[in-house]
Amino acid sequence: ETGVTQTPRHLVMGMTNKKSLKCEQHLGHNAMYWYKQSAKKPLELMFVYSLEERVENNSVPSRFSPECPNSSHLFLHLHTLQPEDSALYLCASSQDGQGAQQYFGPGTRLTVT
Amino acid sequence: GDSVTQMEGPVTLSEEAFLTINCTYTATGYPSLFWYVQYPGEGLQLLLKATKADDKGSNKGFEATYRKETTSFHLEKGSVQVSDSAVYFCALFNYGGATNKLIFGTGTLLAVQP
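The listed protein sequences derive, respectively, from chains A and B. All the letters of the first sequence, read from the start, carry residue numbers 37 to 149 under our numbering. All the letters of the second sequence, read from the start, carry residue numbers 739 to 852 under our numbering.
Among the hints, a few may not be true.
[What the hints assert, rightly or not] To give a feel for the contact side, a few chain A residues facing chain B, derived at Cβ under 7 Å:
#	residue
1	A136
2	G141
3	G143
[Claimed, not checked] Calculated Cβ distances over 10 Å to all of chain B for the following chain A residues:
#	residue
4	L47
5	V48
6	S56
7	P97
8	S98
9	T116
10	E120
No wet-lab data here; the hints were simulated from the structure. Because the structure is a prediction, the values reported are computed rather than measured. Glycine included, every Cβ here is placed at the ideal spot set by N, Cα and C.
All chains, please: the whole structure from these sequences, using the hints.
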């Protein structure tokens with residue numbers, strides 16, 4: 037596999053469920069990102085990891101919990117979500133934590149019922 | 739703070755028509771500017787970039803020129819194809835700025851009809 041992959045591609049979950057999104061990058065990059073993409077809104081940066089250390093957390097609710105076990109993998113753990121959390125969640129990577137040139141995965145379409 | 743403003747979509751064109759998608763920005767200092775494209779069902783891909791004033795980024799027939807005097811980075815293509823149908827995002831990265839991260843516009847949907 038090449039580039040940035042995300043699983044699952046689609047996820048439907050109830051508000052009391054716990055689920056995780058997975059992202060894997062095969063580019064040898066050192067930084068990884070989670071974004072939220074909602075209709076009619078700019079992409080929202082949620083978390084940034086550089087060399088497996090979290091370097092940015094943009095006031096994201098605690099029901100979203102990121103994990104970066106190594107520079108190739110990034111997870112987003114979800115619990116007790118709200119319907120307004122339904123969105124496309126995009127993972128990206130870059131060579132370093134100041135990466136303007138980011139490479140995106142295809143996203144996970146999340147629906148919270 | 740830094741921001742990007744794009745023209746509202748959708749933009750609907752016939753094949754071989756000329757395309758312009760407007761983008762203006764607000765930023766301190768000298769940001770780098772980008773256009774990303776998102777094809778249906780996919781993530782964003784970098785389309786082109788420009789890192790200083792008067793630079794022209796180009797790729798796949800698309801062009802954009804970094805205009806500091808008008809704080810703009812409009813995307814153009816002389817002859818669009820059906821395969822260009824996608825959402826286009828203008829973005830800036832302000833190295834050393836207050837937010838040291840990519841700032842995106844809201845995206846502009848382009849639909850090209852045969």
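These are the hints, each one checked on the structure:
A distance limit of 7 Å between C-beta atoms decides the matter here; for A136(A) the minimum to chain B is near 4 Å, and the interface restraint holds. A hinted interface residue such as G141(A) counts as satisfied when its beta carbon comes closer than 7 Å to some beta carbon of chain B; here the least separation is about 5 Å, so the hint holds. Because the closest C-beta pair between G143(A) and chain B is about 6 Å apart, less than 7 Å, the hint holds. At roughly 15 Å from the closest C-beta of chain B, the C-beta of L47(A) stays outside 10 Å, upholding its exclusion from the interface.
For V48(A), the non-interface assignment is confirmed: its Cβ lies about 17 Å from the closest Cβ of chain B, beyond the 10 Å cut-off. Every CB of chain B lies more than 10 Å from the CB of S56(A), the least distance being 19 Å, so the non-interface label holds. With a least beta-carbon separation of about 19 Å from chain B, P97(A) lies farther than 10 Å from that chain, consistent with its non-interface assignment. Distance to chain B confirms S98(A) as a non-interface residue, since its nearest Cβ pair spans about 21 Å, more than 10 Å.
Chain B leaves T116(A) outside its interface by the beta-carbon criterion, the shortest separation being 27 Å against a cut-off of 10 Å. Non-interface status of E120(A) relative to chain B is upheld: no Cβ of that chain comes within 10 Å, the nearest being about 18 Å off.
No hint from the list above goes unmet by this structure.
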